[in-house]
Amino acid sequence: MSSSIKHLVVIIDLNPFYWSDKISSTTTTLNFKQYLKIIIQFCNAYIAFDINHRLTIIGCSNNETCFLYPDPTNESLIIPTVTKTNLFEQLFVIDRVVENNLKEFIENLSPQHISSGSMITMALTQALCYINRLIRDTLPGEKNSFRILIIQTTTDTSKQYMNFMNAVFTSEKINVPIDGCILNNDSSLLQQACDLTSGIYLRVPDPNGLLQYLLWLYLTDKEVRKMLALPTKVAVDYRPACFCHHKLIDTGYVCSVCLSIYCDNTSTCSTCRSAFDINNQSISTSNGITDSSRRQIR
Amino acid sequence: MDDNDDQYRWESGYERTWEVIQEDESGSITATVNAINQKNRRKELAQLPNVRLGMMRHLYLVLDMSDAMKDQDLRPNRLFCSIELLKEFIFLYFDSNPISQIGIIITRKKRTEKISELAGNPRSHVALLEQLKYQECEGEASIQNALEMGLQTLKHMPKYSSREMLFVLGCLTTCDPGNISQTIKICKENEIRCSVISLSAEVRIFRKLCVDTKGLYHVIVDSSHFQELLQIHSRPLPALDKFESSLVRMGFPKYRTYTTSNANISSTTTSSTKHEKASMCMCHLEQRGGTNGFSIGGYFCPTCESKYCELPTECSICHLTLVSAPHLARSYHFLFPIEQFIEITLDKSISKKCFACQHIFDEQKHKNIYQCTSCKNVFCFECDLFIHGTIFTCPGCIRYGQLK
Ligand SMILES: [Zn+2]
Ligand SMILES: [Zn+2]
Ligand SMILES: [Zn+2]
Ligand SMILES: [Zn+2]
Ligand SMILES: [Zn+2]
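Residue numbers (the working numbering), protein chains in the order written: chain A, 1 to 298; chain B, 1 to 404.
Each hint should be verified, as a subset may be incorrect.
EDC-like mimics (lysine to aspartate or glutamate), calculated; alpha carbons at most 20 Å apart, straight line [as the list claims (entries may be wrong)]:
| # | chain 1 | residue 1 | chain 2 | residue 2 |
| --- | --- | --- | --- | --- |
| 1 | A | K173 | B | D95 |
| 2 | A | K233 | A | D186 |
| 3 | B | K188 | B | E138 |
| 4 | B | K353 | A | E104 |
| 5 | B | K254 | A | D195 |
| 6 | A | K103 | A | E64 |
| 7 | B | K352 | A | E104 |
| 8 | B | K133 | B | D95 |
| 9 | B | K376 | A | E64 |
| 10 | A | K33 | A | E104 |
| 11 | B | K254 | A | D250 |
| 12 | B | K353 | A | D71 |
Partner residues are not named here, just some residues of chain A that face chain B (Cβ under 10 Å, in silico) [claimed, not checked]:
| # | residue |
| --- | --- |
| 13 | L124 |
| 14 | N132 |
| 15 | V168 |
| 16 | I174 |
| 17 | N175 |
| 18 | T251 |
These aren't lab readings, by the way, just hints derived from the structure by calculation.
Since the structure is predicted, the reported quantities are computational estimates derived from the model, not experimental observations.
Even for Gly, the Cβ is constructed at its ideal location relative to N, Cα and C.
Please work from the sequences and hints to get the whole structure.
In structure tokens:
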């Protein structure tokens, strides 16, 4: 067996927005407390699963992120050992550290501007920087693998699109798959992230079964996944939203200077302030056609 | 040398370059060397904000295959080394300029030969380059013929795109049928930007070509310098003054498919049943024989419904450029570069750990830390480089919404 270290960074959405209407409702749906419990259970399972597993947990709310584990003030990772008593100790440490940090984090949440979006992108860029440092610190000869799991409950914020995609392209470049698990409606951004980095995307059909889904799909990495029956892949919608109305379009007009996308002809580009000559448009298309026809004749 | 066109290194004043390097107590120079490297890396990443860039590029690569390319000053020889680096360049080019095109021309025996037409698929170009490795380098190069050949196609390319030629030359001479100055003038009139990477030494006519057409002229020092120069050329150049802007109509096709494991039709498709049959894609139609391109799924042109297996491409029926949103998003970081962080000393910082990687600063290792001017968070050196060189997003600034 190879003894390569496997790092998992779990990004948990802790925005209270999604849970606010679920406190009063009947006991049949998952509430915030159960949600946290399930995630801790999953993290414990991940650590107990393999001696080479390492874990990092990042929480994010509507405007803040926090490294919940390992404790930022205590940098040393506690390495699990084989003996049973020690293993128990390791899990105990995780539970305590996460519990303490979580409490502190939630108490410090500013209740003033609770918005429906979360700082997933911020947590993701921090996770990438964290992984980048771990990669830099890797000794020659060691073969470590890294993976990011995003557990999201809130809807996407279109404001974060560009930053989020930048993070996804980075992840693709440094070969870190992003897995996505969403409790709410389908997230197009998360879907694209998983597809581009060859991670697994899942919208949990029944929140009560969350633990089951987490253990089924996200405990293992690429090699083991080949042997699992995975959810059928759906075609990802890669259509862009126009910059002017934020609606998805099939065909559109792209500014040749800055690549901004518009759903209709405009006279100036709102991003780079280039002025367009409407006549110019027709010239450029006819040019393209004559050129290609010329090419075919030859 | 590149910064100052009028003066060569040997004409400038006497410099005591070794005095910059200082030994520490133990006699080691690693610390100073590291500091110099750090400074250089940061300088390299400093981008000019909001320069208008030529994001759509039409580029002809001209590869010298004259006698001079057999020289072994690059390992294993000039041709092999150039081809290896150019392969890398092509992928970098399409990574930075997702909707641009490239074509390849070679020159030998006083003639030129077009290896590939302007096209957008990196893999086919790389395959063609690979084949060139096994061809003979012979005779002399002809820069004029190469210019004429590039000119023929490039002058028909739309004005809003950046039209360029990049020469990789080992030769010190050019054997031309006419007056090359005349051809350079025509290139200049047509706003075709010519750049030269010379593998041997500076040649006056090559420099003149670059200066006149507003291109870049470089002579390589070694193969790693060669690689760096190609990286510079892979990034979009600032647009020329007379650069026209235009709106280009593009299509964003949706992928439609059956799932492969069990023949369930994926639920996302809203289309009628006509696509749910296996069919040929337009891009593989011309290569007869074989089963390549015969599949169930594909990208369908939104105007004429013809099928393609890869993006980006140009629809061969209605000439619509077909791309996907991530293709465009990949180059947005050039347009919205984040500002350089400022260097501060550790004792001036409130936070004692790096905002991004959570690394706790220690007095010895982190003499200088870096602060974002807009969100005021502090970062370690590694994260500063990673943020400006790879992510292109400041983690702290995300809180304030999209960058403007
Ligand atoms: Zn619009
Ligand atoms: Zn624009
Ligand atoms: Zn079409
Ligand atoms: Zn850092
Ligand atoms: Zn910032």
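Hint check results:
1. A/K173 with B/D95: The hint holds at about 11 Å.
2. A/K233 with A/D186: Cα-Cα ~13 Å, so holds.
3. B/K188 with B/E138: violated (30 Å)
4. B/K353 with A/E104: holds (18 Å)
5. B/K254 with A/D195: Holds, at roughly 14 Å.
6. A/K103 with A/E64: Cα-Cα ~14 Å, so holds.
7. B/K352 with A/E104: holds (19 Å)
8. B/K133 with B/D95: violated (24 Å)
9. B/K376 with A/E64: It holds: about 15 Å lies between the C-alpha atoms, which stays within 20 Å.
10. A/K33 with A/E104: holds (15 Å)
11. B/K254 with A/D250: holds (8 Å)
12. B/K353 with A/D71: Given pair B/K353, A/D71 holds - Cα atoms ~13 Å apart, limit 20 Å.
13. L124: Holds: closest Cβ of chain B sits about 9 Å from A/L124, inside 10 Å.
14. N132: holds (5 Å)
15. V168: holds (8 Å)
16. I174: holds (8 Å)
17. N175: Not OK, violated: A/N175 not within 10 Å of chain B, min 12 Å.
18. T251: Holds, because the Cβ-Cβ distance from A/T251 to chain B comes to roughly 5 Å (cut-off 10 Å).
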